[in-house]
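Chemist: Residues per chain are reported as follows:
4 protein chains.
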Amino acid sequence: MKKNVMINSNNCVPFHNAVDSCIGTGRMGLALQKEYYEQLKMVQEYIGFEHIRGHGLFCDDMAIYQEYQENGETRVEYNFTYLDRVMDSYLELGLRPFLELGFMPKKLASGTQTLFYWQANVTPPKSYEAWEALVQALLVHLLERYGDEVVTWPIEVWNEPNLCGFWYQADMQEYFKLFARTFRAIKAIDSRFRVGGPAVCGGSDRPWIQGFLEFCRAEKLAVDFITRHHYCSEPPETVGHYSYIELAPFEKELENLHSTREIVDSFAEFAGLEIHITEFNTSYTPLAPIHDTNQNAAYIAYQLSRLGDDNASYSYWTFGDVFEELGVAFTPFSGCFGLVANGCIPKPTFWTFYFFKQLKAMPSQCIHRDGDSVAVKMQDGSYRIVAWHKTLHRQGEALTLSYSLDIPEGDYCIVRKLVDEESCNPLKVWHDLGEPANLTKAQQKLLKESSSPAITTKRVRAEKGSGLTFDLTLAENAVVYLQIVPAPLKPDRGYCYEHVMDQPVQN
Amino acid sequence: MKKNVMINSNNCVPFHNAVDSCIGTGRMGLALQKEYYEQLKMVQEYIGFEHIRGHGLFCDDMAIYQEYQENGETRVEYNFTYLDRVMDSYLELGLRPFLELGFMPKKLASGTQTLFYWQANVTPPKSYEAWEALVQALLVHLLERYGDEVVTWPIEVWNEPNLCGFWYQADMQEYFKLFARTFRAIKAIDSRFRVGGPAVCGGSDRPWIQGFLEFCRAEKLAVDFITRHHYCSEPPETVGHYSYIELAPFEKELENLHSTREIVDSFAEFAGLEIHITEFNTSYTPLAPIHDTNQNAAYIAYQLSRLGDDNASYSYWTFGDVFEELGVAFTPFSGCFGLVANGCIPKPTFWTFYFFKQLKAMPSQCIHRDGDSVAVKMQDGSYRIVAWHKTLHRQGEALTLSYSLDIPEGDYCIVRKLVDEESCNPLKVWHDLGEPANLTKAQQKLLKESSSPAITTKRVRAEKGSGLTFDLTLAENAVVYLQIVPAPLKPDRGYCYEHVMDQPVQN
Amino acid sequence: MKKNVMINSNNCVPFHNAVDSCIGTGRMGLALQKEYYEQLKMVQEYIGFEHIRGHGLFCDDMAIYQEYQENGETRVEYNFTYLDRVMDSYLELGLRPFLELGFMPKKLASGTQTLFYWQANVTPPKSYEAWEALVQALLVHLLERYGDEVVTWPIEVWNEPNLCGFWYQADMQEYFKLFARTFRAIKAIDSRFRVGGPAVCGGSDRPWIQGFLEFCRAEKLAVDFITRHHYCSEPPETVGHYSYIELAPFEKELENLHSTREIVDSFAEFAGLEIHITEFNTSYTPLAPIHDTNQNAAYIAYQLSRLGDDNASYSYWTFGDVFEELGVAFTPFSGCFGLVANGCIPKPTFWTFYFFKQLKAMPSQCIHRDGDSVAVKMQDGSYRIVAWHKTLHRQGEALTLSYSLDIPEGDYCIVRKLVDEESCNPLKVWHDLGEPANLTKAQQKLLKESSSPAITTKRVRAEKGSGLTFDLTLAENAVVYLQIVPAPLKPDRGYCYEHVMDQPVQN
Amino acid sequence: MKKNVMINSNNCVPFHNAVDSCIGTGRMGLALQKEYYEQLKMVQEYIGFEHIRGHGLFCDDMAIYQEYQENGETRVEYNFTYLDRVMDSYLELGLRPFLELGFMPKKLASGTQTLFYWQANVTPPKSYEAWEALVQALLVHLLERYGDEVVTWPIEVWNEPNLCGFWYQADMQEYFKLFARTFRAIKAIDSRFRVGGPAVCGGSDRPWIQGFLEFCRAEKLAVDFITRHHYCSEPPETVGHYSYIELAPFEKELENLHSTREIVDSFAEFAGLEIHITEFNTSYTPLAPIHDTNQNAAYIAYQLSRLGDDNASYSYWTFGDVFEELGVAFTPFSGCFGLVANGCIPKPTFWTFYFFKQLKAMPSQCIHRDGDSVAVKMQDGSYRIVAWHKTLHRQGEALTLSYSLDIPEGDYCIVRKLVDEESCNPLKVWHDLGEPANLTKAQQKLLKESSSPAITTKRVRAEKGSGLTFDLTLAENAVVYLQIVPAPLKPDRGYCYEHVMDQPVQN
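Protein chains in written order, with our numbering: chain W, 1 to 507; chain Z, 1 to 507; chain B, 1 to 507; chain L, 1 to 507.
No lab work stands behind these hints: they were computed from the structure. Where a beta carbon is used, it is the ideal one built from N, C-alpha and C, also for glycine. Check the hints yourself; a few may be wrong.
[What the hints assert, rightly or not] No farther apart than 30 Å at their CA atoms in a straight line, the calculated lysine-lysine pairs in the DSS-like style are these:
id: 1; chain 1: Z; residue 1: K458; chain 2: Z; residue 2: K2
id: 2; chain 1: B; residue 1: K34; chain 2: W; residue 2: K357
id: 3; chain 1: Z; residue 1: K2; chain 2: W; residue 2: K357
id: 4; chain 1: W; residue 1: K360; chain 2: Z; residue 2: K445
id: 5; chain 1: W; residue 1: K490; chain 2: Z; residue 2: K445
[To be verified] Computed footprint of chain Z on chain W, listed as stretches where at least three residues anywhere in the stretch have a Cβ under 8 Å from a Cβ of chain Z:
id: 6; stretch: 119 to 133
id: 7; stretch: 310 to 324
id: 8; stretch: 441 to 452
[Stated by the list, open to error] Chain Z residues, not near chain W, derived (Cβ > 12 Å throughout):
id: 9; residue: N4
id: 10; residue: D61
id: 11; residue: Y78
id: 12; residue: K106
id: 13; residue: G165
id: 14; residue: P363
id: 15; residue: Q365
id: 16; residue: E435
Bound-form chain W, shown alone (with noise of 0.2 Å):
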């Protein structure tokens, strides 16, 4: 398949990039662990997110309510050891939390529903007063510990209530109650604090967000976003440990998502009101292997090219696989959600955050959008380009992608970074050697060398009024990075490049 694509390199097309706005992350207790931390110091290193948001913040193992017994009474007292170290972690590595309240402490709890494998307490608090005074505490600790910079991490209260399994019988009332007393109690402390909510998943995303504005509006509360989350298959069909899924058409779930933007801009107190993806994927499963695949990436680069169209920031769940919701994974290809596999190996999606994070390395302009590439002038006058080759089946048939670019007459060099089925993709390299569910060094070793995009250079030129012309083939499920940076050759004295390499000389 060939596509032609004219670009004309004055264009000025509009494309919201926010890929490293937000990044999902496990529980916030396994934030202590050291392979999260590594994994997540990597994830900075290479795409550096702004905001990680995850659950678990109020969960047991963060240990922050107690109660103790004094004169015969239950008295309160917070531990924020675990909080503290868990902030300064993120700090450390550039990042700042979007909070999401949630869940239930067991002892401030009104019921014993739990969720996961670690056992979430999902139910309403036993005390809306304790609850409040829970959240304040903690925003009070917060600003004492870490200054002024806390008003502007956003807020969101709790998760996906409209499921049974997140929220006591996922009780539209209960929430808005819930909703209310903690953003009152929030902006008591400041009125500079940002709180969202109602993060709900699809399904029943439509009436959630159309009740929970005219809650809103009903009350007067000024909520400051919307959030909510969006992922792209049916449920999966599960073996032994694994759920295999089909991916979603590419428009059926983005149509999904624009309802939300149409809903908010419906109400006149809301039009324009910011939409945060607190969670996007493909499937929500943390057991689909298909988030370790090629394909995966492909289908993420189109999301990416897209998601900024209605939404102020979209949370790629998640940024590592060190994960418990279902249990401790038993092979380091599991198919979690992570851009990076335990063992800090880079999955082919990681690299498609890294490549549309090179389109703002430095201030750029779009000049190009489509459903294959996206296209960036950088103001180093070079010019950067992402390209895929996304499918929902294998066909068997590459796209070539043939480019006129009408960029100022001269030399260049494209320097190209593939990742596609062979020349990138741990997940092949791991099932060739065995499916080793414990990795020795070299094994773990030789992943991570085999994990990185084949690069190959290449010497073009420019020519007055034509510019540039070239073709670029993807293989299905490739994600490409170019770079075409001027280059004009300045060799030293004596050089000659032809000579050295025992080729007939250019003129």
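Chain W is already provided as a structure; the job is to place chains Z, B and L on it using the hints.
Modeler: Only chains Z, B and L this time, still in chain W's reference frame:
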């Protein structure tokens, strides 16, 4: 071109693989530099040599030999500050010095003739007693500081005295005098020290080695080993800063080398004496671009498969490009000798050494060796092969090796690491960028990323009886490393790779 | 108080210094944490233990024992992901595990009784066959991954079964059953494994050890070693979160400890069998502020001088303060067991271990040992002394040790490293800062800077015949380390220290 | 000796604290060394200077100026390989160069006179056009590589031309010519460059500065700043390698320095022009043991409290001991200029700089300054004091400063960091070890451990009205840094420090 390679995995083929015994270095004074240390550290982390040898131990920038006036007399004192700093850094990196005694401190010299940009004085000592005292003071100091292991550090007397540039008038008798005085001075400190010479380069090597051994016999000097150099090109053509060479035919210089073995063995007292090649490379000039090429890597691969036949060790000249014999390089790729270019960028030949080192990473047995490849069986049941496609001039024809390997029945993974002009050629990347003299951080990073072997893996099955057959195709100047490791498939419960990859399931 | 200490440098005094043989740790699941790793890394860099022992190998947060349903049946599978991660990190830090088998995975338990904040199940297995299978699977896996060295890792069965809290009803016969089943299951895998028990704490230690050995004799179990614990205080007084204790008189608990030796030796089959103290400390509770004090350091110094008399090893409980038995600590100094406080701040007792380790940093010979100090002669001709001034209660009196040491004539330098309440007392610094619960980076830095021994040096002269005499004064709870190193003055040409320092020149 | 120091915490005392504006260095060629880098890294981590200035930018070891023959003509080419390596490392460490243009490349020199062990050519250029071309090529290259910030790097023309040794015959008119040619050549590249001189040392400084300004007026050179040096001792007495000095009385050299301010201000066009002390120290010779002493630290403390009165910046000569002006040091403590001795051992004066830097670690206001101490109030509500007891000769008398500080009521912690001859004197430790020329790893470690300030803390209470009063006693040559930080006691539930410490409980 296709060749069949039949290998019986129970073969036991002689192969003295001394790839890691010794490595060359720019003059010792440069060992104080940070860039030098970083290049050497990288070399040691990947390859791990045992010894290091270079010039300039007694040159004035090392500041060892000092004179001062007292009571109207000239007195001598020794300064070991820099020597210790260098030796400490070598030991820290797992290296022992192969000590080369030379050149002459200016104040101890009998003349003013110098060599190199850094003006090494190459004249005999004005006083042999003072020279002996200097040598002895050096060794006494080293023993004091580093203990008894110092007696195992080999000692070579001077460098290439058969060239007028390196030793005043290439005066053979004066060299023999120097050798005898030095030899006896050292043995007087500790007879366990091992002392050798005559450190000659090709050309007049035969008469010098013959003469040297006759001298030793006559003087009853029980020389501990013989040293010489080995370069494989004719005198170069020079244009501007650079020297362009013709590589010697593959066997030519090896034959010359063998003559040394024959001369040594012709002396009853010295038959079988260790020969150390204390320098070897393709070209002997430091601004010869051949050193930076894949052609060099393939040519050296063949050398590494052969040099152990006659020699105890062979020391590639040099590990890195911090080097000043003809001045300071103007560009990061300047045709200098190093395995690593300035900026810590590994050249293709770096990987040749790395690959040969893998053949002895654990106890192993050579099962095949010919002009194109070497194969070994490792203690852990895996197999390793290094193969190359060496050329003197580009013919445009690939080489296919059709291996037939009778290994035990079972599933294996073949890991291939490929270094060729397409996959791992930093010189080309640098050229494509316009041959910048001063790398930006981004260019340096790109060059480092571009200079690793391309890795691919493949599952294969060895059948009972027939074993394993596979083709390996090498482009010109390619060097390839294969690991063949047992890899029975052990999928986790429910995991199916073909399902994951949207592929037909295999039976 | 002044005491004379006469030392003949040719003495050979028995002293089994096993200071570095083993160290305790919080539960294994905590070993995944970054803070845990950093504390352990620091401990290993300074002290360097050989083994590490703690609870929780089989607890649910390690996720090893898993059940699932298939075809209507419950099946078992094992997950070694976390185990390998922990073992890898231990080995990376130079440690081998002293394996403690326990506590019970919830799904394998016969009851619901739990212990600690982290709810260790302390009931016998519901199926001894399943328990045996679990133990065997563990060892087979470890052998596969880490090779033959695994058989040298000591194995202990359960922990403190003589306490109701740690073993259901402290049922002795049930423990013996567990031991026998476990012992035989292990030996069936490889008879070289070394297995011991009964891991009891004080109180009922005598009947339990007596009974255990009788049981082993009766059952013909060739138990490989005996284990027990050793704490030196009475039950504490508790106020709020904290426990305040009385230290036991210096000899009291040592005498109890000796009774174990006597019991073991009273069995013909077991006489001389190794005894391992698999836990010891002053207080046995984790919120006992004594652990953070200099008093603890001095008390433990004396213990370290004595524990080797009867025991093969003794494992201080614990290396660090990542620990949750009674919950998460509210403050960085919480009286937890660690040598290192949270934030990687070494406590005084850290240095006691460091000092005793220096006594065996190279081959050495003990030349003096009494209740106040130990002195050794090192292979390199220097001398090392650890001295302490232990107290049960503050008396306000310093201790002066007047040493007389008959060492060879010459100039020496005495290097003194002092840990006392003035010089190295991070607890006081933290208190002076107001006892902050959450350290700022600046406070943490200050605390680390404040917690190193004070170092002073002094030139002294040993005269022919009389040797060296000097006074060492120790404040209460001080621990001091002395090095006495030969230090002949070798000034550089023209250098005169007294002149430099504007001091009268010595003759 | 006791002095009362009354401080009103609302004072606003003038104090231009430029402690961190610039630091001196050994010649630029040495900046390639690893030991140099490590010392500088340490200095930057602790102190953090903004600029660095030293000699040798154009000396031959930097290899910038090159000539070659082509078609029978001599041509010039520039090699920036080493320059870039040095500049990169400076920028990496947060430093900008204070460029000193000099000395003369041998091939560009008009004569053969050299200076120093490393043979700096100090003659005028043989061609002023070639000199201008060299200077311009340098700046054009720097602008290309480092961008627009290069115009903010100050540029000084030559070094100490008023000494015969540093400039041929100390020829004033020739220097003025050099200055004018250089000044105009630079401004022709970019008029924003800031260029100054005449870089004189004391002695003939007055006529030179007067003459220089008259010349600039006459030639209409809008010189951007004036530079000079400041050393505080008489010519030394030399014994062997070493120089022993008398320190100048405290005010003497400061008065000479002030004369420069007066001369500059006497020119209408130049009144108020910035003066930069581009070198200062006690002794001006590099083998003067005074530099390694506590006496130096206290003397410099006073200098740092005063030098900002007349000068924009003042650059201590030098940061470290990688230095070769009089050859390579024989010992780690050789009286060289550095803040850090070889082996990365901080000398007492290092801490003087560190302490003064703390006074400006955040916005602050000076509230007291006299001959013994400086006090500032920090933005965070704490107070910081640097105090010293400077001596010219040992008198045997301590200095007690009785502070009375009217700060707000409350509990405070006084943190004291003490550098005196007992507590932080690595020179003494080295002497006590026998003055070893070549440190073992163990000796180096001990020296590093011995060279940190002794830290003590103390809780104090400021009473309403009376504020805080306390005594600070300083031994001779002591330098002390105090922090007085608010420290209300916030004990955790149940924690009682006095109980823990077995002390009487306070009320």
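Chemist: Next step is simple, just say for each hint if it's right about the structure.
Modeler: Each hint tested on the structure:
Straight-line distance between C-alpha atoms of Z/K458 and Z/K2 comes to about 21 Å, which keeps the hinted pair within the 30 Å bound. With a CA separation close to 28 Å, the supplied pair B/K34 and W/K357 stays within the 30 Å bound. Distance restraint check for Z/K2 and W/K357: the Cα-Cα separation of roughly 46 Å exceeds the 30 Å cut-off, and the hinted pair is therefore not satisfied. Between W/K360 and Z/K445 the CA atoms are separated by roughly 18 Å; this keeps the pair inside 30 Å, and the hint holds.
The suggested pairing of W/K490 with Z/K445 holds, with an alpha-carbon distance near 20 Å, which does not exceed 30 Å. Coverage of a stretch by a chain is defined here by at least three residues with a beta carbon nearer than 8 Å to that chain's beta carbons; for the stretch 119 to 133 of chain W and chain Z the count is 0, and the condition is violated. By the rule of at least three residues with a Cβ nearer than 8 Å to a Cβ of chain Z, the coverage given for the stretch 310 to 324 of chain W is violated, with 0 such residues. Evaluation of the coverage hint for the stretch 441 to 452 of chain W: fulfilled, as 4 residues show C-beta separations to chain Z shorter than 8 Å, against a requirement of three.
No beta-carbon of chain W is positioned within 12 Å of the beta-carbon of Z/N4; the least distance is around 26 Å. Even its closest Cβ contact with chain W, about 27 Å, leaves Z/D61 beyond 12 Å, as expected for a residue assigned away from the interface. Distance check on Z/Y78: its Cβ is at least 41 Å (rounded) from any Cβ of chain W, clearing the 12 Å threshold; non-interface status holds. Distance check for Z/K106 against chain W: the nearest CB is about 32 Å away, which clears 12 Å, and the non-interface claim stands.
At roughly 22 Å from the closest C-beta of chain W, the C-beta of Z/G165 stays outside 12 Å, upholding its exclusion from the interface. Every CB of chain W lies more than 12 Å from the CB of Z/P363, the least distance being 16 Å, so the non-interface label holds. With a closest Cβ-Cβ approach of about 20 Å to chain W, Z/Q365 is found to remain outside the 12 Å limit, as its non-interface label requires. Not every CB of chain W is more than 12 Å from the CB of Z/E435 (nearest about 5 Å), against its label as outside the interface.
Figure legend: structure checked against the earlier numbered hints; hints not met, in rising order: 3, 6, 7, 16.
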